[in-house]
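Based on the provided sequences and hints, a complete structural model is requested.
Here is how the chains run, residue by residue.
Protein chains: 4
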Amino acid sequence: MPKIGMQPVRRQQLIDATIESVGELGLQATTINSISKKAGLSSGIISHYFGGKQGLIEATVRYLLSNLQQVLIEGLTPTTTPEQRLMLIIEANFSRIQQQSDTTKTWLSFWSQSMHDVELHRLQNVNSRRLFSNLASSFKQLMNDDDAKLAAELCAGMIDGLWLRAVLSKSDQNEFEHCELLAKRYVKSLITQYGA
Amino acid sequence: MPKIGMQPVRRQQLIDATIESVGELGLQATTINSISKKAGLSSGIISHYFGGKQGLIEATVRYLLSNLQQVLIEGLTPTTTPEQRLMLIIEANFSRIQQQSDTTKTWLSFWSQSMHDVELHRLQNVNSRRLFSNLASSFKQLMNDDDAKLAAELCAGMIDGLWLRAVLSKSDQNEFEHCELLAKRYVKSLITQYGA
Amino acid sequence: MPKIGMQPVRRQQLIDATIESVGELGLQATTINSISKKAGLSSGIISHYFGGKQGLIEATVRYLLSNLQQVLIEGLTPTTTPEQRLMLIIEANFSRIQQQSDTTKTWLSFWSQSMHDVELHRLQNVNSRRLFSNLASSFKQLMNDDDAKLAAELCAGMIDGLWLRAVLSKSDQNEFEHCELLAKRYVKSLITQYGA
Amino acid sequence: MPKIGMQPVRRQQLIDATIESVGELGLQATTINSISKKAGLSSGIISHYFGGKQGLIEATVRYLLSNLQQVLIEGLTPTTTPEQRLMLIIEANFSRIQQQSDTTKTWLSFWSQSMHDVELHRLQNVNSRRLFSNLASSFKQLMNDDDAKLAAELCAGMIDGLWLRAVLSKSDQNEFEHCELLAKRYVKSLITQYGA
DNA sequence: AATGAATGAGTTTTCATTCAT
DNA sequence: GATGAATGAAAACTCATTCAT
Chain V
1 MPKIGMQPVR
11 RQQLIDATIE
21 SVGELGLQAT
31 TINSISKKAG
41 LSSGIISHYF
51 GGKQGLIEAT
61 VRYLLSNLQQ
71 VLIEGLTPTT
81 TPEQRLMLII
91 EANFSRIQQQ
101 SDTTKTWLSF
111 WSQSMHDVEL
121 HRLQNVNSRR
131 LFSNLASSFK
141 QLMNDDDAKL
151 AAELCAGMID
161 GLWLRAVLSK
171 SDQNEFEHCE
181 LLAKRYVKSL
191 ITQYGA
Chain Z
1 MPKIGMQPVR
11 RQQLIDATIE
21 SVGELGLQAT
31 TINSISKKAG
41 LSSGIISHYF
51 GGKQGLIEAT
61 VRYLLSNLQQ
71 VLIEGLTPTT
81 TPEQRLMLII
91 EANFSRIQQQ
101 SDTTKTWLSF
111 WSQSMHDVEL
121 HRLQNVNSRR
131 LFSNLASSFK
141 QLMNDDDAKL
151 AAELCAGMID
161 GLWLRAVLSK
171 SDQNEFEHCE
181 LLAKRYVKSL
191 ITQYGA
Chain F
1 MPKIGMQPVR
11 RQQLIDATIE
21 SVGELGLQAT
31 TINSISKKAG
41 LSSGIISHYF
51 GGKQGLIEAT
61 VRYLLSNLQQ
71 VLIEGLTPTT
81 TPEQRLMLII
91 EANFSRIQQQ
101 SDTTKTWLSF
111 WSQSMHDVEL
121 HRLQNVNSRR
131 LFSNLASSFK
141 QLMNDDDAKL
151 AAELCAGMID
161 GLWLRAVLSK
171 SDQNEFEHCE
181 LLAKRYVKSL
191 ITQYGA
Chain E
1 MPKIGMQPVR
11 RQQLIDATIE
21 SVGELGLQAT
31 TINSISKKAG
41 LSSGIISHYF
51 GGKQGLIEAT
61 VRYLLSNLQQ
71 VLIEGLTPTT
81 TPEQRLMLII
91 EANFSRIQQQ
101 SDTTKTWLSF
111 WSQSMHDVEL
121 HRLQNVNSRR
131 LFSNLASSFK
141 QLMNDDDAKL
151 AAELCAGMID
161 GLWLRAVLSK
171 SDQNEFEHCE
181 LLAKRYVKSL
191 ITQYGA
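Protein sequence lines, in the order shown, are assigned to chains V, Z, F and E.
Oh and the first sequence: position 75 is 75 in UniProt numbering, straight run, nothing missing.
Oh and the second sequence: position 128 is 128 in UniProt numbering, straight run, nothing missing.
Oh and the third sequence: position 146 is 146 in UniProt numbering, straight run, nothing missing.
Oh and the fourth sequence: position 86 is 86 in UniProt numbering, straight run, nothing missing.
Keep in mind that a hint or two might mislead.
[Unchecked claim] List of simulated lysine-lysine pairs, PhoX-like, C-alpha gap at most 25 Å:
hint: 1; chain 1: Z; residue 1: Lys-149; chain 2: V; residue 2: Lys-170
hint: 2; chain 1: E; residue 1: Lys-149; chain 2: F; residue 2: Lys-170
hint: 3; chain 1: E; residue 1: Lys-188; chain 2: F; residue 2: Lys-184
hint: 4; chain 1: V; residue 1: Lys-184; chain 2: V; residue 2: Lys-170
hint: 5; chain 1: E; residue 1: Lys-184; chain 2: F; residue 2: Lys-140
hint: 6; chain 1: E; residue 1: Lys-38; chain 2: E; residue 2: Lys-53
[To be verified] Here chain V is said to cover these stretches of chain Z; the calculated rule only asks that three of the stretch's residues, wherever they fall, bring their Cβ under 8 Å from a Cβ of chain V:
hint: 7; stretch: 42-50
hint: 8; stretch: 119-133
hint: 9; stretch: 156-170
To be clear, the hints were calculated from the coordinates, so they are not data collected in a lab.
Virtual Cβ for every residue (Gly too), placed ideally from N, Cα, C.
Pasting the structure below:
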């Protein structure tokens, strides 16, 4: 029964199952079996579609990254002001939790592992720089370039720090929303401070 | 060779080797063998002194925690002002890197794993709350209680976020010092903003 | 090589190899490797089919128990007299050796271990009570209930004792048959003594 | 502090601890550590006095054997009749339990292991033959030699079988005494049956 | 396309033995 | 005479990968 066009379906099934498993069990305890079981598929299929466990892990990170970018892009309209765009960036970063509770734990697992994995580190750098440049390009429309870079650096730190503390303390959604609010207020204070 | 008094020496040897191994290989790839080899001891000794791998991991986290606290306490004198104390807290958090490059990677590995390990999560909470309460108690001497709590929350986020971004980008010491400077300036701006 | 329907084949292969290994090396010296080597399979397969060594051990005891029961049931016909049934019970107990020399040593290893293993003790009790109740129900057709219980108790002791001494002295088949004969004559003397 | 004459004291301490440990944990789970801990001595001392674990195990079996013999000899007087001697033999075999509950479990562990251990098997044979010859020499004073041998064989089987069943069912002392009574009555019936 | 049986290298843990003190 | 720190071989168990079907 060679159903055609199964590839994208199976790949997404396995990526979803990976997020679920890493969120639930951690990256260390996530196995080929824990993933394939959650996906309702056989263990052999992972090698078939991703070459191996490592390939699936990397595909999952790429999926999460593109997802984050997607949320941001979808919010943008031709009339979005720089300040609105900054708010959107923050919302995108904190909305990760809204999609799936496992996702945040999964991000953290991957970033931690990126210290010792070349490909994951490359992907993490993409993410980190993208956040910075997204912030910087918006701030640049509101202040001079040097101040904008500084504001972006501080703002990126604040977003990641509040997000990290919320994840590690196993916060509920309310606390995530509280952190989102703090981040937004911080952006406004940066604009007030440095803005022309 | 039952030289007496070897226990504390061996325990510290093994804890140091654990930090080194987790820093170099990551928590996932750190094994009883990688640790004992680095320590120049046999694999059996880990069970002898720590009951098993898990025991050694937890002892290592406790050691890192007490070390962080130690750096802070040693800087305090009877004449330390609240503002100086806040600077000390930041210095302590960023000085981790100065001691050993492995240490930062090790912290991150542990915090990531704490999502899925009860004891590590407990220890992580101790650390997280300690940073917040250290900050809050200093801020309270400079502003009203509600503002102090808010400042502490923001400041904790900023410290952790800047630290996380520095670690993940495999920054050199200069960048860590730059982050330390940014954090200190942020504290000063908080004092200016909310201070009486 | 996922030939379907291999499960029962593999399970029996491993149980046979366990009996062989325990018979040859003893329960203490029997390892995952000694079993899997005898079975001509890999070591990992034991966890796959039995969850672990303990599971295989227990499955093996259950197999030996059901085998013993099987021998008895197969000998019964609608016209079997109580006395013939008693003879069948004895034959079943002494025929263990006829199938496989390892089996007797294996029984003894398991019973000895049953002193310190809850599940093995439960299975040993099933076996011990089954022998007693089989004997008692036959004796009850030949004498009053109290005498029948006494006869069953004595007879069970005699069977187990003669069997134990034969096993421990590493007897050959002739001696087992001699013991079987002694046991049968003892049953007859009990019937003569207490029979109506 | 080279105290002289410690050797017999230490040896007995370790043998007692071995009986206790094997009775409690089983032979398999008994380790150098479990023994030395129970003896309140260091682990190294076992090698010092017995050459190793195996030496201590064998010394313990020899001790149990000589103990059993001792109980029998102590009961004998110049005026003991053959029938009284038979009763004494039974009492000695069932009195093992009266001394220490661990002892019976220990006997069984050792006999089971004797299937796979040359020295233990030799000692087990000494024990088995001694019981037979003790019984036979007494029966020979009460009946002709062939009947006496047969009676001894049956009686040895009955004693061992009742004892085995009592041990395996983890019986209390009352049941052991009940078995002792059954064995004694069986001896009397053998004398009645074959006696001149 | 998909399965899952089978493998075996790698991991943690246990433990008898050794030996400097 | 006695200790117990240290070793390292051997054990059970895990799991990514392979591959016949």
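The hints, checked one at a time:
For the proposed pair Lys-149/Z and Lys-170/V, the alpha carbon gap of about 20 Å is at most 25 Å, so the pair holds. For the hint pairing Lys-149/E with Lys-170/F, the CA-to-CA distance comes to about 20 Å; that is within 25 Å, so the pair holds. Between Lys-188/E and Lys-184/F the alpha-carbon distance is near 20 Å, which keeps this suggested pair within the 25 Å criterion. Using a Cα cut-off of 25 Å, the hinted pair Lys-184/V and Lys-170/V holds, with the two alpha carbons roughly 21 Å apart.
Pair hint Lys-184/E plus Lys-140/F holds up; C-alpha atoms about 24 Å apart against a cutoff of 25 Å. Annotation: proposed proximity of Lys-38/E to Lys-53/E holds, straight-line Cα distance about 15 Å (limit 25 Å). With 0 residues having a Cβ less than 8 Å from any Cβ of chain V, the stretch 42-50 of chain Z misses the three-residue criterion, and the hint is violated. For the stretch 119-133 of chain Z, the stated coverage by chain V holds: 4 residues have a C-beta nearer than 8 Å to a C-beta of that chain, and at least 3 were required.
Counting residues of the stretch 156-170 of chain Z whose C-beta lies closer than 8 Å to any C-beta of chain V gives 14; at least three are required, and the coverage claim holds.
Hint violations for this structure: number 7 only, all remaining hints satisfied.
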